[in-house]
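Engineer: Okay, here's what each chain looks like letter by letter:
Number of protein chains: 2
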Amino acid sequence: MSGESRTPVSVLGLGSMGRALAEALVDAGHPTTVWNRTPAKAAPLVAKGAVEAETAAAAAEASPLVITCLTTFEDTSSVLEPAALSGRALVTLNSGSPAGARAMAAWATGRGARFLAGAVKNVPSAVGAPDTLLYYGGDSTVFAEYETTLKVLGGDTVHLGDEADLAALYEMAVGAMLLPALVGYFQGAAVLQSRGLPVSSMVRFAGKWLDMIKSLLPLYAGEIDRGDYTDAASSVNLFLAAEAHDHELAAETNVDTTWLAPLHDLVRRALAAGHGEHSVSALTEVLRKPVG
Amino acid sequence: MSGESRTPVSVLGLGSMGRALAEALVDAGHPTTVWNRTPAKAAPLVAKGAVEAETAAAAAEASPLVITCLTTFEDTSSVLEPAALSGRALVTLNSGSPAGARAMAAWATGRGARFLAGAVKNVPSAVGAPDTLLYYGGDSTVFAEYETTLKVLGGDTVHLGDEADLAALYEMAVGAMLLPALVGYFQGAAVLQSRGLPVSSMVRFAGKWLDMIKSLLPLYAGEIDRGDYTDAASSVNLFLAAEAHDHELAAETNVDTTWLAPLHDLVRRALAAGHGEHSVSALTEVLRKPVG
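Protein chains in written order, with this note's numbering: chain R, 1 to 292; chain G, 1001 to 1292.
Keep in mind that the hints are not guaranteed to be accurate.
[Stated by the list, open to error] Reference listing, derived: stretches of chain G covered by chain R, where coverage requires no fewer than 3 residues with Cβ under 8 angstroms from a Cβ of chain R:
hint, region
1, 1090-1100
2, 1258-1266
[As the list claims (entries may be wrong)] One side of the interface only, derived from the structure: several residues of chain R facing chain G at Cβ under 7 angstroms:
hint, residue
3, Met17
4, Leu179
5, Ala181
6, Phe186
7, Thr230
If you are wondering where the hints come from, they were derived from the structure by calculation, not from laboratory data.
Heads up, the beta-carbon is just placed ideally off N, CA and C, and yes, glycines get one too.
Given only the sequences and the hints, what does the whole structure look like? Please build it.
Structural biologist: Quick look at the structure:
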């Protein structure tokens, strides 16, 4: 298929993720128009065949499919304010809250655009790989029409449903593991350093540990969906017992473990709520605030 | 090889992990002696061919290789107090602090035993699988002599070094990801429930997210080992920007996100220490308490 027959796409916002998105589209032969607030970022893409638009409005008006990768939804609507969006498909790929995605959808449809809000669940270097996950919520006609083009950005491309805030919602739900898991890893790194051991020596073990955690996710999801925590592979009490070790470790290494205190509090609240012998997934009940 | 030629092993402590260890040994044809404080736990193992000892001392004295899977190091030395351990190889597989492992080593060697302290980095159902990881620290002659037997418990069996507290140290370093990552997942579950969506719908996405985190571990280890955080794939500032979304999410869903506050504090402390544009792995520097 020649470049001429591929959907023309505009990409606004050329941070590291936006550049990766635009590059994947150029490489796949899509006529690609790019724009960035700081024009220098466009140069490597122009060298590969992209066209640089002088303004955001010109970029948005150059293609039927407009992909934005700006910092926030507020940035996105502000940058697109002067653009004629009627009849265009607007796809956002930025972080933001579900409320922000809903506001963006109202703004975009109010200007006559069809709207999809998506999220890239990976790092820029993974863009374009067959296994890279991107998910979208919003107008299913946009997804149906441009699915092939969107799959250029990552082979595992999913439409979550018609509600424009679904990607933001799943992004926050799934992403809630990231910072806590990383800080746990960095704490482990600091523990090894306190003994003069290289952090690289734990990489293989930590990777296996993440594999083990991954293997438990369907089990926990089932327990939570059923609201039945009685068949506990790892009980709340088991995690309660681990707290004392954390304190001993903090005492003998030079590591600040105070960030773990609210996690131990959650475990104790689960115990107090009668979940001691229940699965640790019963912590979900404690994380839900009482309604009213 | 007939059962007679396999190393006789005693397993003390038949909780879910201890039972799995004993069963793997019985299944592999090792003459296996078992003991548990509550004798009923031994029955299924005895039905498979294990011999139940009446006392912990009798169990320990029945085999050259004694594996304990009791709750703590204190329980272990208390249970073994009446046993003649001279000349035996004692292998502990329980949770505990590095200090606890060192005290246990002193106790065991003081009684003439050779000592290894290990940890199973997996769930009981994974015991015996070729990929299951167990690591050990302590007397390398025990590891060399019994490596084949120890590999019955998991094919990925590693000797970390001669110091008896190394498994406890790595266990704590690697294990520091577990509770934080799980609570992140349970928070995500509560977020989806607040919208009436099944938690099972996020399992695949969360699994991919863990794969992505796993793929970053060697990169972060290298940055921390070099102490060079300047080539940032994901900067401290990027995580700082995510905090606002967490607050918005807490506001619109019925989920208690207060446990994240100290994590956001760590991110802000890294910013204050000049790491804003550095890799998020620079949080390791903040987790290390100032010496003195």
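Engineer: Find the hints from earlier in the document that the structure breaks and name them by number, from lowest to highest.
Structural biologist: 3, 7
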